[in-house]
Amino acid sequence: MALPKIAVPKYQLKIPSTGKEVSYRPFLVKEEKILLIAMESDNETEMTNAI
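Once you know that position 27 of the sequence shown is 27 in this note's numbering, the rest is easy, because the numbers rise by one and skip nothing.
Hints listed in this document are in silico derivations from the structure and should not be mistaken for laboratory results.
Careful, some of the hints might be misleading.
Straight-line Cα separation of at most 30 Å, DSS-like style, residue types lysine-lysine; simulated pairs [said to hold, decoys possible]: (1) LYS5 <-> LYS30; (2) LYS10 <-> LYS30; (3) LYS33 <-> LYS5; (4) LYS14 <-> LYS33; (5) LYS14 <-> LYS30; (6) LYS10 <-> LYS20; (7) LYS10 <-> LYS33.
If you're wondering where the values come from, they're calculated on a predicted model, not measured in any experiment.
With the hints as constraints, model all of the structure from the sequences given.
What follows is the structure, encoded as structure tokens:
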């Protein structure tokens with residue numbers, strides 16, 4: 001039995017300067033943690049891999 005997926009809200013926005021519609025979602029806690037750890041390491045490779 002698989003674990004249930006947590007629904008993440010998705011938002012849409014129209015960029016006024018280009019008229020293009022983009023969709024985005026907020027960072028998850030684990031994604032933010034990975035980015036913060038990579039930034040603290042000051043290693044360019046780790047920062048690139050975190051993205």
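These are the hints, each one checked on the structure:
| no. | hint | in the structure |
| --- | --- | --- |
| 1 | LYS5 <-> LYS30 | 15 Å, holds |
| 2 | LYS10 <-> LYS30 | 17 Å, holds |
| 3 | LYS33 <-> LYS5 | 20 Å, holds |
| 4 | LYS14 <-> LYS33 | 29 Å, holds |
| 5 | LYS14 <-> LYS30 | 28 Å, holds |
| 6 | LYS10 <-> LYS20 | 16 Å, holds |
| 7 | LYS10 <-> LYS33 | 20 Å, holds |
When the structure is compared with the earlier hints, no violation turns up for any of them.
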